[in-house]
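Chain by chain, the residues:
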Amino acid sequence: MEPLAIAEKIKNQFPAEVIEVVESRGQVGVIVAREQIGAMCRWLKDEPELRMDHLLALCGVDYVAKNGTYEVVYNLCSIPLRHMIRLRARVPADDCRIDSVTCLWRGADWLERECFDLLGIVFDGHPDLRRILLPEGWEGYPLRKTYPLRLPAEQEWQGYVQLKELSRELSRFDFYSDMLSNQAKAGANEAKK
Amino acid sequence: MMGTEFRNLAVPVRDGESELFTVQMGPQHPATHGVLKLNLWMDGETVVRCDPDAGYLHRGFEKIAENKTYAQFLPLTDRLDYISAMANNVGYCVAVEALLRIEVPLRAQYIRTMVAEMARITGHLLWLATHALDIGAMTVFLYCFRERGLLLDLFEELSGARLTTTYTRIGGVRQDVTARAMEKLARFVEEFPSRIAEYETLIDTNRIWLKRTKGIGCVSAEQAVQLGFTGPSLRASGVDYDVRKHRPYCAYDKVQFEVPIGVNGDVYDRYRCRMEELRQSALIIRQCLEQLPPGAIVADNAPDLVMPLARPRQPMAGSSLATGYIELVPNNDVYPEGDVYVSIEGSKGELGFYFVSDGGGRPYRMHIRSPSYIHIGGLATVCEGVLVADVIAIIGSLDVVLGECDR
Chain A
3 MEPLAIAEKI KNQFPAEVIE VVESRGQVGV IVAREQIGAM CRWLKDEPEL
53 RMDHLLALCG VDYVAKNGTY EVVYNLCSIP LRHMIRLRAR VPADDCRIDS
103 VTCLWRGADW LERECFDLLG IVFDGHPDLR RILLPEGWEG YPLRKTYPLR
153 LPAEQEWQGY VQLKELSREL SRFDFYSDML SNQAKAGANE AKK
Chain B
25 MMGTEFRNLA VPVRDGESEL FTVQMGPQHP ATHGVLKLNL WMDGETVVRC
75 DPDAGYLHRG FEKIAENKTY AQFLPLTDRL DYISAMANNV GYCVAVEALL
125 RIEVPLRAQY IRTMVAEMAR ITGHLLWLAT HALDIGAMTV FLYCFRERGL
175 LLDLFEELSG ARLTTTYTRI GGVRQDVTAR AMEKLARFVE EFPSRIAEYE
225 TLIDTNRIWL KRTKGIGCVS AEQAVQLGFT GPSLRASGVD YDVRKHRPYC
275 AYDKVQFEVP IGVNGDVYDR YRCRMEELRQ SALIIRQCLE QLPPGAIVAD
325 NAPDLVMPLA RPRQPMAGSS LATGYIELVP NNDVYPEGDV YVSIEGSKGE
375 LGFYFVSDGG GRPYRMHIRS PSYIHIGGLA TVCEGVLVAD VIAIIGSLDV
425 VLGECDR
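From first to last, the protein sequence lines stand for chains A and B.
If you read the first sequence in this note's numbering, its first letter stands for residue 3, the second for the next number, and so on.
If you read the second sequence in this note's numbering, its first letter stands for residue 25, the second for the next number, and so on.
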């Protein structure tokens with residue numbers, strides 16, 4: 003099915019949810035509200051004319067500077083029917099929550115975790131939402147546009163500071179001189195005896 | 025005689041359920057193919073729960089991309105799936121060209137198809153070598169690296185580097201292929217099918233190999249789609265999905281090839297699928313060599329390596345240079361706005377790039393859909409209830425690369 007026809011079908015099924023249909027480079031993105039995203043994905047997956055069974059990619063985009071929202075982008079495709087569509091669910095920046103689609107695609111599990119990890123969008127109903135690529139104690143969400151590329155040294159993440167200190171300390175270890183000094187100590191001890 | 029009489033031991037044997045044994049496999053375990061760490065909860069030798077831990081190789085590619093021009097990011101794609109870097113180069117460039125609306129000349133399309141298939145062969149050969157090594161077949165490793173070496177030599181001849189190739193350019197390829205390299209490649213594809221047969225004689229009927237692979241780590245077709253598997257790992261389960269056929273890119277719609285499909289979705293079928301793919305890749309390369317048209321290798325409207333920016337780097341108002349945050353001003357003169365998702369069939373599975381352009385010279389957002397990340401995510405499901413020795417076979421059969429997984 004043609005992507006624009008799919009968008010039209012979604013519009014008919016969920017008239018209140020669809021905000022805008024955007025065409026870009028022959029691909030169609032449907033900007034939707036976040037409330038019915040679970041029902042919408044389920045319908046897209048089960049509808050015999052659409053059968054969007056394959057979640058290609060799920061990621062978040064920061065549009066806060068533009069319109070005060072984040073977007074969670076679902077690229078869907080149908081393996082048997084060979085068509086694809088893009089859903090872009092708007093998530094307001096002051097309430098970063100959206101329903102999880104892990105019950106529809108188990109593969110969405112890690113994709114949503116990544117989105118949470120890097121953009122701080124919370125997925126309601128996700129079985130195990132915690133950081134995945136970054137260490138557990140990381141502060142902030144790097145893919146937000148307000149996240150700085152580099153911080154002043156005193157504001158650096160503590161885990162990294164500790165690691166740097168440790169590596170500096172370890173790099174000071176000199177095998178031969180330490181061995182010689184140990185030998186000298188042992189010799190001195192024996193001399194005392 | 026000893027052993028004829030048994031005594032009841034006074035020591036009570038604990039219920040296996042109540043106390044699970046925890047094993048942290050990796051991140052330095054040689055059989056986890058890089059820095060993959062698995063937390064395993066085991067009852068005896070059976071894995072009850074598996075929790076893969078990713079992120080040891082996270083370099084923040086997506087954040088870096090937002091602060092570089094499209095051309096500047098290209099060399100970093102080598103570091104995704106570093107085993108078959110050529111395929112990543114092709115995937116990235118195909119996606120950027122779709123975004124910037126650049127038409128690539130036919131010769132460059134063919135060259136790209138050719139190098140992408142060469143990359144698939146190098147990727148699959150390394151997979152076969154290490155997978156066999158994990159299961160205990162040492163000899164295959166040496167055979168595979170012999171052929172892989174030939175291809176890496178050719179990469180060197182084409183691009184100047186064996187692994188980090190950066191061969192493609194936005195709008196084409198870096199330099200034309202030489203007649204000498206093509207001759208070598210023709211000789212290679214001529215000989216290669218007999219080499220595949222050689223690997224197969226080593227392991228295909230090997231009883232240990234069959235015991236270790238048949239019926240292990242079965243993934244049903246429905247489950248594989250649910251988990252988002254792609255590439256040979258999906259096709260081994262009997263799902264006919266290949267980006268080269270579904271959404272042809274480069275010259276894949278101009279060459280004939282078959283997509284091998286498995287039945288059972290076990291480790292053995294994934295192995296068979298990849299072996300057949302090796303044959304098909306050689307076939308594609310041969311066709312590319314025969315059909316290779318003359319002409320330009322870079323599009324006329326391809327951007328220069330030094331790409332124009334909407335505005336030179338400027339610190340955001342109120343912040344110092346040290347914080348380094350750069351604001352991009354939307355300027356439609358530079359590049360058109362919009363978003364696009366383009367994927368290619370890498371050697372591990374579907375490698376996709378999702379670009380959002382705000383009209384600036386840098387991507388507003390770039391998301392890499394890496395097959396390895398999704399495969400490792402699915403590992404928890406596949407490894408449930410298998411023996412710990414089979415976990416190794418399953419990791420090997422899914423063919424994961426951590427550079428691509430962690431990005």
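Read the hints as simulated data drawn from the structure, not as lab findings.
Warning: the hint list may mix true and false statements.
[Claimed, not checked] Here are the computed lysine-lysine pairs in the DSS-like style, where the Cα-Cα straight-line distance is at most 25 Å:
| hint | chain 1 | residue 1 | chain 2 | residue 2 |
| --- | --- | --- | --- | --- |
| 1 | A | 11 | A | 47 |
| 2 | B | 278 | A | 166 |
| 3 | B | 278 | B | 208 |
| 4 | B | 269 | A | 47 |
| 5 | A | 68 | A | 147 |
| 6 | A | 68 | B | 87 |
| 7 | A | 147 | B | 269 |
| 8 | A | 147 | A | 194 |
| 9 | B | 278 | A | 68 |
| 10 | A | 147 | B | 87 |
| 11 | B | 61 | A | 166 |
Report task. Could you work out which earlier hints the structure fails to respect and list their numbers in ascending sequence? Result -> Hints 2, 7, 8, 9 not satisfied by this model.
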